[in-house]
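What follows is each chain in one-letter form.
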Amino acid sequence: MAQIFSPLPGTFYTKPSPEALPYKNSGDPVVVGDIVGLIEVMKTFIEIKSEVPGTFSGYVAADGSPVTAGQVLAELAA
Amino acid sequence: MSLKIVNPGLSTSIQDLGRPGYFHLGIPMGGAMDRFALRVGNMLVGNPEDAAGLEAVFMGPEIEFQKTAIVSVTGADLPIRVDGQLQEAWTSFEVRAGQTLSFEFLKSGARAYIAISGGIQTPAALGSRSTYPIGALGGVNGRAIQALDELPLGYSSNAIAGKSVAPSMRRGPGSPARLRVLPGLYWHRLTEAAGNGFFEDEWTVALEADRMGYRFKGGRSLEFVDREQPFGAGADPSNIVDGCYSYGSIQVPGGAEPIVLHRDAVSGGGYFTLGAVISADMDLIGQLQPHTSVKFDRVDMAGAMAARHERKNLLMKIREELS
Numbered sequence: 001m002a003q004i005f006s007p008l009p010g011t012f013y014t015k016p017s018p019e020a021l022p023y024k025n026s027g028d029p030v031v032v033g034d035i036v037g038l039i040e041v042m043k044t045f046i047e048i049k050s051e052v053p054g055t056f057s058g059y060v061a062a063d064g065s066p067v068t069a070g071q072v073l074a075e076l077a078a
Numbered sequence: 001m002s003l004k005i006v007n008p009g010l011s012t013s014i015q016d017l018g019r020p021g022y023f024h025l026g027i028p029m030g031g032a033m034d035r036f037a038l039r040v041g042n043m044l045v046g047n048p049e050d051a052a053g054l055e056a057v058f059m060g061p062e063i064e065f066q067k068t069a070i071v072s073v074t075g076a077d078l079p080i081r082v083d084g085q086l087q088e089a090w091t092s093f094e095v096r097a098g099q100t101l102s103f104e105f106l107k108s109g110a111r112a113y114i115a116i117s118g119g120i121q122t123p124a125a126l127g128s129r130s131t132y133p134i135g136a137l138g139g140v141n142g143r144a145i146q147a148l149d150e151l152p153l154g155y156s157s158n159a160i161a162g163k164s165v166a167p168s169m170r171r172g173p174g175s176p177a178r179l180r181v182l183p184g185l186y187w188h189r190l191t192e193a194a195g196n197g198f199f200e201d202e203w204t205v206a207l208e209a210d211r212m213g214y215r216f217k218g219g220r221s222l223e224f225v226d227r228e229q230p231f232g233a234g235a236d237p238s239n240i241v242d243g244c245y246s247y248g249s250i251q252v253p254g255g256a257e258p259i260v261l262h263r264d265a266v267s268g269g270g271y272f273t274l275g276a277v278i279s280a281d282m283d284l285i286g287q288l289q290p291h292t293s294v295k296f297d298r299v300d301m302a303g304a305m306a307a308r309h310e311r312k313n314l315l316m317k318i319r320e321e322l323s
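Protein sequences, first through last, are from chains A and B. Counting from 1, one number per residue, gives the positions in the first sequence under UniProt numbering. Counting from 1, one number per residue, gives the positions in the second sequence under UniProt numbering.
Source of the hints: derived by calculation from the structure; they are not laboratory data. Note that the structure is a prediction, hence the values are computed from the model and not measured. All the given hints hold, so there is nothing to weed out.
Simulated crosslink set (DSS-like; lysine-lysine; CA at most 25 Å straight-line):
| id | chain 1 | residue 1 | chain 2 | residue 2 |
| --- | --- | --- | --- | --- |
| 1 | A | Lys43 | B | Lys217 |
| 2 | A | Lys43 | B | Lys107 |
| 3 | B | Lys4 | B | Lys67 |
| 4 | B | Lys107 | A | Lys49 |
| 5 | A | Lys43 | B | Lys295 |
Reference listing, derived: stretches of chain B covered by chain A, where coverage requires no fewer than 3 residues with Cβ under 8 Å from a Cβ of chain A:
| id | segment |
| --- | --- |
| 6 | 52-59 |
| 7 | 282-293 |
Ideal placement from N, C-alpha and C gives every residue a C-beta, glycine not left out.
Use the sequences and the hints to build the structure in full.
Right, here's the structure in full:
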C-alpha cells in the first residue's frame, strides 16, 4: 500500500471542478505524474501528482475538506 | 553564483525588511511577513538584521550550495535536511559547497526563513531586495525564485555554526492565535453590538490569505450605523470616501469577512477599516495556516505601545545573547 500525502495545508479537492468526475476511482491504474487531486491555498490551485505507480485504492481525505501538510490524501495498491 | 535552486517550493521569495517610504505612491513596504523570524535568522548567521534571505511559505525549497556557508532556518517548523541529515531549527549550521539543503512537510506555522551567511546579493530596487511580484520589484527580476535560478551570496567572515536561540525566545502564534487590535478612525460606523461581536467571535483563516492580506471568516457579519451616503463614497455601508490604509488595518468589505492588510497590501481605497492589528502582532499573522482559529483582542493605544516595547525588548535580549 502506497500513500499520497498533501505537501501543504489548504483545502483538498478530488475533482477538477464541482461538476466534474473525480480524478481517480477505485481500481484505476495510476502512473507516476498522474494528477489525483487539487489543493487550494492563497488563491491558487496546486495539482497533486502521484510519485509512485500502482492501482488506485481510494481517497482518504474527503472532497472539499481542510488538510494539513503531511496528511494522507489517497492510497494506492502497488 | 553561490546558491542553485533545484526546486523552488510553492512560492519562495527573497525578502529583507522591506522598502518603507513609498507607500504614499502605492508601493507597499514589502519585506518578510514574520520580521522577527528573519531578524533572528540573520543574527544567527552573523548577518546584519536587514540582510536578504528566503521566505518559504508552506513548502520548503531544495537548494544546492556552490559555496560553503552558515545557514539558519527560523519561523515555521519545517524540518530541515542537509544531504539527508536532519538539522536543528533556530540554530546555525554549516552547509558545505556541493551539499543540498531540503525540507520535509510543514509541521506548524506557515513561513520559514532561510538566512545564509553573507546574505543574498541580488540587485536592490528602491533600497530593498524584497520581492514584490505585482510591481516586478526586487527578488529575481521582480519575481519569486524558480528552478535553476542562481543566487549570489555576499562575503561573510564572522559566521559560526552552533549558535542557537532558546525555545522560550522563539515567538509564534498560539491556538487559537490571539491578535491584538486597536479600534480605528471608522469604529463609529459599527453598532455597539457589532463592535463587541467582532471581539467575541472566533474566526478562522480563509484560503484567501497571502502576502497582501489575510482574510478571516466564521464570525458574525457586521451591522453598521445608519448614515447618509457621503458624496464620493460607494452605496454599501462598508464604503467610505477613499482613504489611506495602514499596515495591519482591517477592512471588512460588505461587513462580512475581515481582511488584515499585510506587507504587500494596497495603500488606500474605499472600504472602512475598523481598526488595525498592532505592529507587535503582525509577525504572528505571517505564521498562520488556512483553517487556523483566531481571536481578536481589543487594546488601547497604551496597550499597543506596551506590546511594541515588549517585542523590542525580546529582540534586544536575543541580540545580547547571540553577540
